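If you're matching them up, the sequences are chains Y, U, G and V in order. The numbers in the working numbering rise by one with no breaks, and the one at position 315 of the first sequence is 315. The numbers in the working numbering rise by one with no breaks, and the one at position 15 of the second sequence is 15. The numbers in the working numbering rise by one with no breaks, and the one at position 12 of the third sequence is 12. The numbers in the working numbering rise by one with no breaks, and the one at position 261 of the fourth sequence is 261.
None of these hints come from the bench; they were simulated from the model. None of the values given here were measured: they were computed from a predicted structure. It cannot be assumed that every hint is accurate.
Using 30 Å as the maximum straight-line C-alpha spacing, the simulated DSBU-like pairs for lysine-lysine come out as follows [unchecked claim]:
#1 U:K288 to Y:K222
#2 V:K222 to G:K288
#3 V:K317 to G:K365
4 protein chains.
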Amino acid sequence: MSTFGQYFRVSTYGESHGRSVGCIVDGCPSGLQLTESDIQPQMTRRRPGQSALTTPRDEKDRVAIEAGTEFGVTLGSPIALRVMNEDQRPKDYGGGGKNIDAFPRPSHADWTYLEKYGVKASSGGGRSSARETIGRVAAGAIAEKYLRVAHGVEIVAFTSSVGSEFLFPPTREHPTAANNPAFLELIDGVTRERVDEFLPVRCPDSTVCKRMEEVIAEFRDKQDSIGGVVTCVIRNCPSGLGEPCFDKLEAMLGHAMLSIPATKGFEIGSGFGGCEVPGSTHNDAFVKAPAVTPAEANGIAQLTPEQRSRRPRLTTKTNNSGGIQGGITNGAHIYFNVGFKPPATIGQAQQTTGYDETEGTLQAKGRHDPCVIPRAVPIVEAMAALVVMDAVMAQSARQSARSLLPVLPQTVPVGESASTLMNGRQ
Amino acid sequence: MSTFGQYFRVSTYGESHGRSVGCIVDGCPSGLQLTESDIQPQMTRRRPGQSALTTPRDEKDRVAIEAGTEFGVTLGSPIALRVMNEDQRPKDYGGGGKNIDAFPRPSHADWTYLEKYGVKASSGGGRSSARETIGRVAAGAIAEKYLRVAHGVEIVAFTSSVGSEFLFPPTREHPTAANNPAFLELIDGVTRERVDEFLPVRCPDSTVCKRMEEVIAEFRDKQDSIGGVVTCVIRNCPSGLGEPCFDKLEAMLGHAMLSIPATKGFEIGSGFGGCEVPGSTHNDAFVKAPAVTPAEANGIAQLTPEQRSRRPRLTTKTNNSGGIQGGITNGAHIYFNVGFKPPATIGQAQQTTGYDETEGTLQAKGRHDPCVIPRAVPIVEAMAALVVMDAVMAQSARQSARSLLPVLPQTVPVGESASTLMNGRQ
Amino acid sequence: MSTFGQYFRVSTYGESHGRSVGCIVDGCPSGLQLTESDIQPQMTRRRPGQSALTTPRDEKDRVAIEAGTEFGVTLGSPIALRVMNEDQRPKDYGGGGKNIDAFPRPSHADWTYLEKYGVKASSGGGRSSARETIGRVAAGAIAEKYLRVAHGVEIVAFTSSVGSEFLFPPTREHPTAANNPAFLELIDGVTRERVDEFLPVRCPDSTVCKRMEEVIAEFRDKQDSIGGVVTCVIRNCPSGLGEPCFDKLEAMLGHAMLSIPATKGFEIGSGFGGCEVPGSTHNDAFVKAPAVTPAEANGIAQLTPEQRSRRPRLTTKTNNSGGIQGGITNGAHIYFNVGFKPPATIGQAQQTTGYDETEGTLQAKGRHDPCVIPRAVPIVEAMAALVVMDAVMAQSARQSARSLLPVLPQTVPVGESASTLMNGRQ
Amino acid sequence: MSTFGQYFRVSTYGESHGRSVGCIVDGCPSGLQLTESDIQPQMTRRRPGQSALTTPRDEKDRVAIEAGTEFGVTLGSPIALRVMNEDQRPKDYGGGGKNIDAFPRPSHADWTYLEKYGVKASSGGGRSSARETIGRVAAGAIAEKYLRVAHGVEIVAFTSSVGSEFLFPPTREHPTAANNPAFLELIDGVTRERVDEFLPVRCPDSTVCKRMEEVIAEFRDKQDSIGGVVTCVIRNCPSGLGEPCFDKLEAMLGHAMLSIPATKGFEIGSGFGGCEVPGSTHNDAFVKAPAVTPAEANGIAQLTPEQRSRRPRLTTKTNNSGGIQGGITNGAHIYFNVGFKPPATIGQAQQTTGYDETEGTLQAKGRHDPCVIPRAVPIVEAMAALVVMDAVMAQSARQSARSLLPVLPQTVPVGESASTLMNGRQ
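Sequences and hints are given; from them, build the entire structure.
Set out below in structure tokens:
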């Protein structure tokens with residue numbers, strides 16, 4: 001369905017041909033300062049037309065808060081967000097001999113929507129169009145605002161591969177970037193500002209970014225398309241998030257990411273490469289947590305004393321787990337990869353078969369992205385924010401409920417040295 | 001939480017130290033013939049102790065139907081399934097100087113459960129133990145029974161990599177198995193019986209299976225562990241399943257698979273490799289669907305005439321999409337990979353830090369799997385069945401509701417040749 | 001939360017001070033002909049200002065479909081509905097010495113919203129204002145359209161009491177109207193057109209309506225307010241609706257009705273009066289169902305042959321059950337009462353205590369309904385439609401799933417005469 | 001479905017003919033001391049056979065905790081509860097010429113279950129039997145334990161009418177008990193111990209109880225049955241509970257109560273009688289909250305200083321609202337009525353029609369309650385506990401999330417005197 005989240009519940013709506021697209025955010029904490037200016041920046045980052053590499057439509061995508069705030073403060077009631085559809089040009093999609101109407105576009109959603117619903121929108125991709133992601137990004141911006149203010153959470157995504165150009169190519173010795181010091185340093189400090197210095201590709205390395213730009217341009221010129229991978233890091237995430245056994249945090253992140261159009265895969269922490277590593281190497285030994293995290297030393301996060309006090313006392317020496325163990329966050333950086341296929345809509349002629357079972361040739365007109373990776377960056381960030389926000393509220397309910405119970409004399413039969421500690425944590 | 005699914009809703013319970021583990025299945029269609037003998041085979045396939053390669057505990061894992069059926073037929077009421085905990089040996093987990101109680105086990109869930117809940121089970125992994133998956137497999141067997149009887153659905157998983165031994169190793173030219181004819185032939189015909197001929201590894205290729213067996217034995221002898229990948233195929237799945245925009249079928253599959261303990265990644269269809277392939281190659285052109293599918297030609301599926309009539313009229317020439325387009329099934333084989341990390345519990349001594357923030361050495365006693373991949377096979381199948389079952393019921397509600405509406409004169413402005421068809425499909 | 005329904009899922013938003021109010025309807029069957037003209041009539045019936053008895057604001061309440069349809073047909077994607085807030089006059093609520101801001105209004109939601117959210121909207125009732133019901137009525141109109149077209153369902157509500165003036169006053173002999181022939185005749189044939197002949201009170205009896213009108217006028221003149229009861233009947237509802245054990249149809253109806261602002265009670269069928277009647281009288285004996293229902297004989301319902309064939313073969317001689325037995329519909333008329341308290345906002349001065357714990361006098365300015373019953377009529381109808389629609393889709397999923405299973409030789413050991421029949425119904 | 005609650009989620013299972021009945025409770029706070037002895041008392045209160053007035057079966061109904069606790073403390077994982085079915089006597093239900101199998105029992109669920117599911121349980125009521133309520137009572141006892149320990153909540157239900165014998169009969173002057181001082185005094189102090197002094201009827205007034213006992217005996221002797229009303233009070237409920245707009249607390253209570261078998265109506269606070277009262281009388285003026293509540297003065301509630309500090313600073317002089325305003329609790333006593341119809345199963349012969357559409361006579365054997373009211377008392381209490389518990393956790397999540405936000409300079413434009421206060425409450 002079009003609802004995501006149990007506690008911070010987002011319902012989105014909208015196709016490209018309708019009056020507007022948008023969402024309702026239900027369950028947002030009251031008392032949060034929120035205006036359109038908190039939401040618009042990510043809307044603009046998502047917007048096409050930021051460079052010659054992305055589709056040149058100039059969608060304004062101005063977001064309006066329709067309800068749920070007053071005097072710039074959230075009321076606790078549903079927040080409704082709305083973005084007008086301004087630049088439709090339906091002819092581009094259906095025009096040119098109308099053959100786009102006779103053929104379901106290969107690897108697009110035309111055929112399956114018709115199989116599912118029996119009807120389909122005439123123009124563009126209807127609900128399967130990229131325009132659907134506007135509601136996600138708008139809602140994600142609200143979640144991010146809360147997480148940043150209340151927990152110092154930072155979420156940054158970037159392009160880590162385009163086609164076969166990798167920022168951290170896997171090797172036989174290092175099948176996963178999880179133990180690559182350069183990767184770990186990058187995710188420890190990278191910011192959105194830094195990522196956007198590498199527009200339009202958003203890969204935070206001059207050399208690799210240049211090569212990726214060339215790859216994309218090459219595919220654009222061939223009227224072809226290419227896929228790639230977005231990597232995302234979540235810093236300062238509270239420990240204890242994730243709801244086993246079915247709603248483990250990586251399961252929710254995977255759900256969220258694989259719901260983004262054009263995704264093909266999801267990896268948490270060491271990922272598929274980590275499956276090739278011995279357990280003795282892969283296990284993340286515990287160490288005493290430092291008083292100041294690297295992010296704080298870098299001046300990225302500013303935590304209140306209370307936030308600091310909620311920090312776990314142990315952390316891990318390595319981080320193959322990607323900040324999640326047993327489906328629950330441990331306070332270390334959460335990082336993951338999301339793979340996006342090459343866009344299905346290409347300028348080249350394609351041999352295929354029509355609704356009437358007759359073979360023929362389909363040639364798309366319109367404006368098409370040769371690569372969605374750069375635009376996917378804020379969408380990945382938004383979905384990450386929605387997952388973390390929902391998990392924060394679930395854990396808040398639990399912690400708050402438990403905090404009202406009397407302290408137990410000793411909860412579990414732990415070794416002598418640990419017992420004091422555990423009582424203290426009651 | 002411990003509930004999965006909206007329509008076919010499974011709630012599981014149980015730790016290794018309690019009286020029993022099990023589940024409640026709510027929403028199962030009434031009138032389905034169901035006894036314990038439909039469920040037990042997958043319970044037994046999941047059971048440890050099937051060979052020297054897996055943990056030697058002899059858990060009987062006999063399932064009992066507590067409620068929801070009468071005279072071997074489902075009543076439509078909740079079905080309760082229960083498996084006794086018989087072979088606990090809690091000393092194995094806590095013994096040996098009790099140091100396992102003083103240290104949170106690295107990359108296990110001890111620390112995060114304590115961070116989350118403030119208490120944790122003393123013996124084994126509590127709710128994070130592999131024993132939690134019993135409820136999943138039991139519920140999955142019911143879903144499978146329905147899907148097989150009503151739709152001819154076949155779900156088969158197998159081991160496709162252990163460590164760096166791959167059944168279909170990715171190459172520079174073929175970054176994904178999706179276009180490898182040997183892979184496509186395998187998933188078109190492989191059965192559970194065939195997979196179990198390759199016990200204990202469950203990789204359906206004599207040569208590769210042998211190598212994998214050696215790899216696992218090597219890690220066992222080093223008191224180390226190793227990960228790998230399970231591949232799963234779903235055949236004869238009805239078209240139209242999946243609930244955009246957030247509950248696309250691959251999103252639900254990803255959610256389900258990443259909720260299985262020890263998973264690190266999920267790929268649908270061409271997966272991460274597919275992100276390196278040009279769109280012009282990756283797109284799956286449509287072709288007229290054959291009267292008989294390969295599975296039927298192989299005698300695997302026996303469909304009723306009614307099932308046959310619900311088949312889509314088009315299929316795709318290639319299948320990089322993995323049977324899902326726009327988040328919705330198109331009737332082609334669904335296939336995906338699930339990566340499992342090396343088990344966290346290893347016999348080797350590990351330097352780590354205790355609950356009391358003191359460094360020390362942890363050495364696990366107990367019985368430990370050097371590799372979970374073979375046992376994960378039926379768990380992956382079970383979760384796949386739960387996802388498809390839920391999606392089938394969601395789509396049933398939609399289709400059935402739509403079927404009562406009058407036929408529209410013409411629903412969408414399609415090209416002339418297609419319009420007749422689409423009216424016909426109303 | 002602000003979401004209602006599992007299958008036909010409605011999320012509403014909006015306060016009186018924001019840009020707009022509205023809703024998203026997710027899960028509506030595709031292929032339904034739907035334009036604003038299907039929705040507007042109930043919006044207009046809900047609108048204040050229809051007579052001297054109701055509040056004189058002239059809200060236009062024009063509804064716009066923002067997304068989810070094309071060419072007047074639903075696409076299966078979320079339907080977004082929006083109504084501008086046009087006529088705010090915030091001064092009326094906050095004005096007059098501002099004392100309305102210093103005092104939480106007695107029996108209104110000011111105090112509890114502040115207790116819950118820590119903030120509250122300044123003008124009017126914020127989310128607790130009657131304007132919140134616009135989204136319900138809009139969504140309900142879509143549900144009604146589907147139910148009418150697909151199942152011939154008719155939902156009609158009317159005013160059955162105002163203060164102590166009852167359409168069917170309970171008596172010692174007849175503590176419930178359920179056995180009153182005049183009541184049964186009324187609910188069998190009453191239509192919305194008929195009810196609206198008795199505007200502004202909407203009690204379909206000239207004499208009683210007149211008395212009620214006088215009661216309301218009397219309270220209006222005293223700057224006081226009065227409550228009453230709305231009775232609602234649902235005809236031609238399919239049998240088999242309702243999801244035991246927790247989501248029985250009467251439980252869902254009760255939930256829906258008691259979520260309407262100002263409600264104090266809900267009764268199904270014979271209701272509280274029925275609790276005073278002996279079981280031997282209260283039990284509804286079964287009889288063979290007639291070929292034509294009274295509603296059809298009255299020319300109210302026109303069913304297709306297929307709808308007719310889905311009719312239960314038995315019905316009940318009496319209908320104390322109100323069409324629901326064991327939480328499941330039996331095909332007979334569903335009827336229920338909803339009690340509404342006197343509106344909390346009255347013109348009279350009230351002694352009360354302020355936010356600062358100081359006693360004082362509160363005198364509301366603004367425009368206030370002396371009685372909400374007449375305007376509540378379309379809101380009750382809307383919520384009834386949402387409940388039935390959700391239950392229809394739940395049951396569709398079940399029936400459709402079961403219909404694909406092979407017929408069992410004999411499902412339950414029934415008496416000899418009945419056994420044939422039950423096989424036939426498999 | 002068979003799941004209730006979003007945060008404290010209860011899934012029940014079980015028919016009378018199966019191995020066991022029970023439930024899974026997901027989301028219970030960890031660290032709560034819990035053993036079977038916390039649950040058994042309410043199981044026993046629910047048990048039939050407590051006197052000659054109720055059904056004489058001696059069901060032992062011993063509850064076992066299967067999972068979710070260790071060393072008598074909840075772990076935060078799902079708690080599974082199980083009660084064996086011991087005393088089935090299926091012949092009683094189906095025996096005696098088997099005519100009970102040929103006829104759907106009037107006003108029972110036989111017919112509608114068959115309409116819904118196409119199959120039905122052979123013995124007793126299957127899932128519609130009163131045995132289904134065991135899972136509710138068991139789960140409710142856990143919720144109650146938490147609410148009592150963490151919030152001092154007290155939930156007490158009692159019989160307030162049987163047939164036409166009322167504890168507080170409505171009069172023309174006092175159509176509702178809400179303003180009756182005797183009623184208010186009773187709900188302020190009544191305890192379960194006091195209620196059980198009036199076994200088997202559970203009406204806490206010697207005179208009325210005696211009359212009720214006679215009424216029930218009279219109906220038993222006539223092989224007939226009679227209904228009645230259970231009144232329930234919830235004391236010390238935190239303010240701020242309830243989730244507008246659809247999940248107002250009274251809507252959730254109504255949903256919960258109307259899901260109990262045999263219920264016909266629900267009233268909150270002044271109820272239907274309150275709809276006859278002028279607004280000027282019905283409005284509950286605010287007063288400063290006393291330092292000690294009447295319950296505390298009576299020595300019933302013992303609150304911690306922290307619980308005391310969470311008390312609202314205002315309360316209401318009268319309590320027509322029943323402790324809920326705008327769908328949200330205000331801290332005053334919550335009270336409500338639940339109407340139960342006369343049991344459908346009676347010993348008298350009934351003229352009715354069989355599954356084969358043939359008229360005939362049905363005469364039940366078996367053991368039947370002439371009145372369910374006394375046994376319904378603990379079921380009403382259990383469902384009340386489940387509703388409040390779920391609402392407490394929802395509000396915990398909200399409050400806890402909001403508490404991490406910086407204090408706003410001034411949230412709403414309130415009158416001067418109130419503004420300081422409101423800042424303070426941020």
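Practice task
Check each numbered hint from earlier against the structure, then list the numbers of those it violates in ascending order.
Solution key: Those not satisfied: there are none.
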